[in-house]
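Start from the sequences and build out the full structure, keeping to the hints where you can.
There are 2 protein chains.
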Amino acid sequence: MSSGEFDLISQYFSPLSNQGAPAFGLRDDAAVLTPPEGKDLVFTKDALVAEVHFFSNDPADLVARKAVRVNLSDLAAMGAEPLGYLVALALPKDMQDIEGWVAAFARGLKQDQDEFDWSLFGGDTVSTTGPLMITITAIGTVDPGKALRRNGAQEADDIYVSGTLGDAALGLKCLTKEVVTPDSALINRYHLPQPRLDLGQNLWGIATSVMDISDGLVGDIRHLCALSGLGATIESDLIPVSDEFGKTLESFPLYKKLIWNGGDDYELLFTAPAHVADDIRKISKSLGLDLTKIGRMTKEKAIVIQASNGDNLLQGEQGYRHF
Amino acid sequence: MSSGEFDLISQYFSPLSNQGAPAFGLRDDAAVLTPPEGKDLVFTKDALVAEVHFFSNDPADLVARKAVRVNLSDLAAMGAEPLGYLVALALPKDMQDIEGWVAAFARGLKQDQDEFDWSLFGGDTVSTTGPLMITITAIGTVDPGKALRRNGAQEADDIYVSGTLGDAALGLKCLTKEVVTPDSALINRYHLPQPRLDLGQNLWGIATSVMDISDGLVGDIRHLCALSGLGATIESDLIPVSDEFGKTLESFPLYKKLIWNGGDDYELLFTAPAHVADDIRKISKSLGLDLTKIGRMTKEKAIVIQASNGDNLLQGEQGYRHF
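Note that the protein sequences, when read in sequence, are chains A and B.
Residue 290 in our numbering sits at position 290 of the first sequence; the count goes up by one each step and never skips.
Position in the second sequence (first residue = 1) + 323 = our numbering.
Please keep in mind that the hints were generated in silico from the structure rather than gathered at the bench.
Where hints are given, some of them may not hold.
[Unchecked claim] Derived pair list, reagent style DSSO-like, types lysine-lysine, alpha-carbon separation capped at 27 angstroms: (1) A:Lys256 with A:Lys177; (2) A:Lys247 with A:Lys257; (3) B:Lys433 with B:Lys416; (4) A:Lys257 with A:Lys299; (5) A:Lys247 with A:Lys293; (6) A:Lys93 with B:Lys416; (7) B:Lys500 with A:Lys93; (8) A:Lys146 with A:Lys285; (9) A:Lys146 with B:Lys362; (10) B:Lys469 with A:Lys39; (11) A:Lys282 with A:Lys146; (12) B:Lys580 with B:Lys500; (13) B:Lys580 with B:Lys624; (14) B:Lys362 with A:Lys39; (15) B:Lys469 with B:Lys605; (16) B:Lys605 with B:Lys616; (17) A:Lys177 with B:Lys416; (18) A:Lys257 with A:Lys293.
So this is what it looks like as structure tokens:
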């Protein structure tokens with residue numbers, strides 16, 4: 001791209017930043033932030049590549065919002081509040097209508113800035129011979145010492161998930177036409193994850209470990225298990241699914257396993273001792289968000305997805321690891 | 324890449340982070356930082372794409388160090404000290420010897436971590452069908468209200484640059500064989516910029532505006548000019564060049580203009596009133612770093628590179644803009 005095109009792009013991003021500190025309308029070498037008093041800062045960075053994490057022909061505003069929300073989901077898993085973000089954008093050299101795409105992308109960023117009450121701190125745009133790529137660095141705040149961690153699960157802790165699992169993965173099958181009766185609610189879950197920020201901010205002192213589910217329940221829970229030196233047994237029938245998921249599954253029963261190996265859920269996975277079950281019910285009620293107990297942490301270092309007949313549904317699966 | 328490969332990669336990056344806060348050995352969803360008391364934080368993000376900002380066959384440790392230093396140069400331009408950084412890496416799907424490359428890349432990061440006294444806060448690795456790409460978010464600290472800015476230049480201020488210009492751009496010509504008598508010092512300047520952190524930290528109260536030169540003197544000074552509503556006249560003969568540059572130029576005189584349109588210099592460009600010239604000489608002496616006055620800010624909103632005969636060498640050039 002020419003320097004004129006880069007100038008054009010900066011015109012779309014500048015209004016997303018404050019004209020004063022921290023970002024000075026993106027006109028400086030860097031942003032300068034006076035940290036909010038009495039807060040710790042939380043940092044996370046996620047990269048998304050076209051045709052891997054989204055499709056080139058997805059609406060650019062949805063791509064922006066997904067990129068933002070994937071990062072917000074990491075903040076949610078730490079119990080943090082959004083503060084600001086930086087974006088790096090690699091645009092394909094042969095891209096058609098760069099200005100139109102960037103305008104829509106910036107519109108998506110703006111929409112979610114307003115929704116999540118944060119602002120753009122900075123960024124960079126480059127051109128690439130490869131696919132479009134977005135990286136976002138998200139910065140959040142949390143009360144000192146109150147960041148949620150992945151590493152505190154105890155033997156016999158209950159395992160919970162928020163919302164429903166598998167929707168986004170099944171939505172992806174709709175987009176790729178593997179499901180021939182596409183459901184717009186499922187597709188919407190793929191395009192637009194819901195970062196569980198309110199939930200994360202309520203789990204301090206309740207949950208013993210927390211993370212977000214991005215790579216699928218089984219792929220992710222092994223991190224919790226590894227850090228606590230424990231295993232996990234999850235009852236397959238307890239994993240919460242949406243009505244839309246259940247309905248689509250009637251015609252495509254083989255996709256049931258997307259609830260544990262699908263990915264893109266961006267729900268929170270957390271562990272908690274039995275004696276806080278009432279607190280969790282109250283949080284669920286106050287947030288209007290289902291929090292479902294799906295299993296328990298075990299001394300035996302294995303991940304088991306247990307069918308009602310006692311079989312481990314992961315036996316022979318790629319996701320199965322005895323570690 | 325398989326999840327096993329991603330695990331492998333994380334093994335190389337984990338030792339670059341603290342095992343406790345802020346990064347918890349990269350085992351959590353995000354890093355948690357208690358901000359250093361009485362400091363502002365500075366944030367910047369730069370992306371580098373293979374075959375644009377570096378070559379795929381450049382040694383991976385040098386690629387890492389260049390990516391780091393490009394970001395450190397932005398911190399230098401703000402007068403900040405390095406604190407920590409996040410890295411996102413997109414690795415080509417068809418890459419040979421991923422482990423070898425990542426090991427060398429991590430080694431380069433470590434070498435510059437030690438040199439610049441900061442640590443890894445987090446990151447992400449994805450695979451791509453396109454070229455290798457690196458984005459780094461750099462975080463620095465600065466005394467409150469003492470971040471250097473681009474926007475304070477005054478009419479008749481002197482214009483200074485640190486070090487010498489054009490070396491990296493001519494080094495690139497050596498690498499691409501456009502210069503058939505390659506000079507290793509010039510190539511080294513291309514591979515390994517020297518972020519002028521010490522200089523930046525000494526310019527508060529001296530310089531009226533500061534930025535780093537990444538896209539070439541002319542391309543970058545227009546930002547200073549635009550923000551101050553002024554122009555700049557630079558005397559071509561005053562632009563400092565290295566002995567190696569001068570020597571190579573004897574055989575390739577047409578490359579002289581790389582000193583103003585070459586890019587990749589990562590020297591600091593700053594403006595200052597005449598009455599601080601002595602202070603600048605003292606800073607130069609104490610740092611052992613040449614600081615050269617190359618021109619002055621003008622009321623007329625034009626950028627002029629003036630030859631000794633008074634001609635504007637930018638007349639008819641791509642970099643020439645009358646704004």
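List in ascending order the numbers of the hints, as given earlier, that are violated by the structure.
Hint check: nothing fails, all pass.
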